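Whenever a hint applies, use it, and build me the whole structure from the sequences.
Residue numbers (the numbering used here), protein chains in the order written: chain A, 103 to 483; chain B, 7 to 289; chain C, -16 to 178.
No wet-lab data here; the hints were simulated from the structure. Predicted model, so just to flag it, every value in this text is computed and none were measured. The beta-carbon is built from N, C-alpha and C at its ideal position, and this holds for glycine as well. Don't take every hint at face value.
Said to hold, decoys possible - Cβ-to-Cβ under 10 Å is the rule here; a few derived chain C residues that face chain A:
{"hint": "1", "residue": "K10"}
{"hint": "2", "residue": "G15"}
{"hint": "3", "residue": "L16"}
{"hint": "4", "residue": "T25"}
{"hint": "5", "residue": "Q26"}
{"hint": "6", "residue": "T27"}
{"hint": "7", "residue": "I50"}
{"hint": "8", "residue": "G79"}
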Amino acid sequence: MARRKKRKEIFALGNEAVVEGALLAGCSFYGGYPITPSSEIMEIMASKLPQTDDGVFIQMEDEIASMGAIIGASLAGRKVLTATSGPGFSLKQENLGYAVMAETPLVLVNVMRGGLSTGLPTCPGQGDVQQARWGTHGDHPIIVLSASNVQECLDMTITAFNMAEKYRTPVILLLDEITAHTREKIEIPYEGEFEVFSRTIPSMPPEWYKPYEETVRGVPPMPPIGSGYRFHVTGLTHDRNGFPTQRPEEVVELMDRLHRKIDQFFYDIQLVEEIQTEDADTVVIAYGCVARSAELAVQQARANGIKAGLLKLKTLFPYPRRQQEKIMANAKTIIVPELNMGQMSREVKRVNQGRASVRTINRIDGQIITPSEILKVIMQG
Amino acid sequence: MNEITGNEIIHQYLRHNKKFPHVLCPGCGHGIVLGTLIRSIHSLNIPKDDVVIVAGIGCSGRLAVYVDFNTVHTTHGRALSFATGIKMANPKLNVITIMGDGDALSIGGNHLIHAARRNIGVTALILNNNIYGMTGGQSSPATPMGATTMTNPFGQLDKSFDTVELARGAGANYVARGTTFHVKKLEKVLTDAIERPGFSVVEAITPCHTQYGRKNKYKTPVDMYKWMKKAAIPVDRYNELSEAEKEDRLAIGVFVERDQPGFEERYFDLKAKLQAQEEKGGK
Amino acid sequence: MKSQQVLQRFEIRFSGLGGQGIITLGKVMGQGLAIGHGYNVTQTQSYGPEARGGSSKCDLVISSSPISYPKAESLDVLVALSQEACNTYYPYLKPGGALVIESDLVKQPPTNQFLGLPYTRLAKDKVGIAQAMNTVVLGSLSHLLPFINQKTMRKSLEAVLPEKIRAVNAKAFNLGLRLAKKEWGDDVGAVWEKE
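Structural data, given as structure tokens:
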């Protein structure tokens, strides 16, 4: 083990913490387009990346091109990041699907703002949750993470990069305006203290390499473009060589593997934090900025003698079904507060199957759900 | 050993593990353009590993899969954005995009404009067949006014884009046009385009008899080649024509030759400058 | 060294007009309390098209234990640098909380229980530039709040400022500190001394 060094402390915005996390994880390429309330990520990258050894920053002409640029850079061997908000997230969906299909690691941060369409640009929201899961067309697997405070912005960004590289897939990190624009003291971990995972590159000679071959993990090795492994990358359904195919058995093999490589590693991917859930008969399930309100509400409920707990979701998709099952051993009431009309509560209800009473608190006026709003519902039982 | 020529060159660059036949129709000009591209790359002695072909969607987009380079078949219109990322991630690579007219000028029009403005070191090969071929013959922004298409059954109402003027205005370093009839000239400008730093645009006029020609006064594919032979004249001679004479003619050759540094060059110069400053400040 | 005072969710709101340096004020004070003093601090702000002239707001929550809810809910201190801000946010002040106002700009304070200084005029006349007004506020608060170590706060202020404006701001900070002591008295913050 590395000798324990002192961690550096900084007072930083959530958006700044994303940048710190990305750089620690080995990100060396940012392609983006400005949009509120994610712009600080881009602005800080614009000043930091050109000053690193191999960092590349590029402002693209639109959100679609930003995705194209980072996918290209990822194929060329870089760890890549882009960030956006609501309307930009819609535009990213096209090439997001491409990245899933072509198994291109990338991290896409969406700082959720309020409302649909142009909506409430400077207010918080959580309305993009199901879009993150199903936004791009076609049946596809996806990893969606979230963070509820500034330290988590840093930690979950590192996690996002590691998962992207480990599973050769795009990873979406969903933040909200509150989390992204809160300043807090965070600790920057020192090198060697945390895991940095980088994609597996092929060890066989190029003439033996099949770019989409079945492997034990379901994740084929990925060489950077230009390293002597010449192969074809496409968004068309393809065979093991990467060539387009419509043969049903080859289509099924690819689609199965794409889903399986994510599904089978649920224990690594589905992250939650359990706060006082062991004996809780009332459990709040929350994520993002709302999880902070929920945590205070749970503390206040405990002070009032109510056995309340919080299941904080750090992974939204694939939905941490097993962790919900676990808390349902005791829970009679589940409360799902969110800044939308009920998006994660769909998942909660799907797993619940009528066992506990599921109550939702929904707010779409661009304001945060306060601890007292949640406490009121907890007290109602 | 004798120098290899003609088809032998092309065979060296085709993927033999790719199941032929290809997707192109009889009479299509795209194969001629692909052959020309291979000869250009071969003449420049660029190792296969250093070439990246980034293609869009459509008939032209399918070309990438047949050649033994690093090939990326992207989304519709987005080839240039992927290419920009690849070039910036590894500037040593020779990045060539293959796009169709609908691909480059319509859905990808914004990317074309900004790739030219940025002057990114990428070669954009635009295969203009005046139509959306793969989807069944709908109008593209390069369909001539008055032409009949599936989406303009009563004749195209709007004007077509002039790729050359668009690329010139947006700031490309090198802009040229050729046809699949004038193959040697096309090879020459394509070779120049790949060699030149910064953003280069080569428009290759290529016939689509299946979806465009036979519905518009060209009875056979040969008629389309006859049209190219008759209409195309070198740009300097074209410029001497009267406006009326220009109507039915097509200027080919080199239109723009600039020597602005490519975006990647400017970016990595900036990085070097910042690093030098830091070293100075550190001491 | 005096041991650090234990705080449970101490909430401060800075409010006023865009261009008064309110966000910077919150950021600098937050940084000083978080990094310099070692408290848990969250700083949030009204974020929007509020350029110069519009309204501006910045909240700090300070605590010895981890902060769950990051926004201010009931204020221990409200700093109002405009009449409008004072009217809007006064109802959120806790009973017994302190209202600090810019006494030239807030002509009609809603209560007689307030602490005022003509910050803008002071910055203009005594420091030489009106933009240093927010630092004068910081200085006065460093006197008001007993859990702030003045030396630590001054140091952390200097650490975040570019060298060019460091001296001016040190002057502004000291001015705020001195005048608060003189105008508000030595024991103005005594209510928070032991909590």
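Now for the hints, and whether the structure bears them out:
1. K10: holds (7 Å)
2. G15: Holds. Min distance 9 Å.
3. L16: holds (9 Å)
4. T25: Check passed: Cβ of T25/C comes within 5 Å of chain A, closer than 10 Å.
5. Q26: holds (4 Å)
6. T27: With a minimum Cβ separation of about 5 Å from chain A (threshold 10 Å), the hint on T27/C holds.
7. I50: holds (8 Å)
8. G79: Violated. Min distance 20 Å.
Violated hint for the displayed structure: number 8, the only one.
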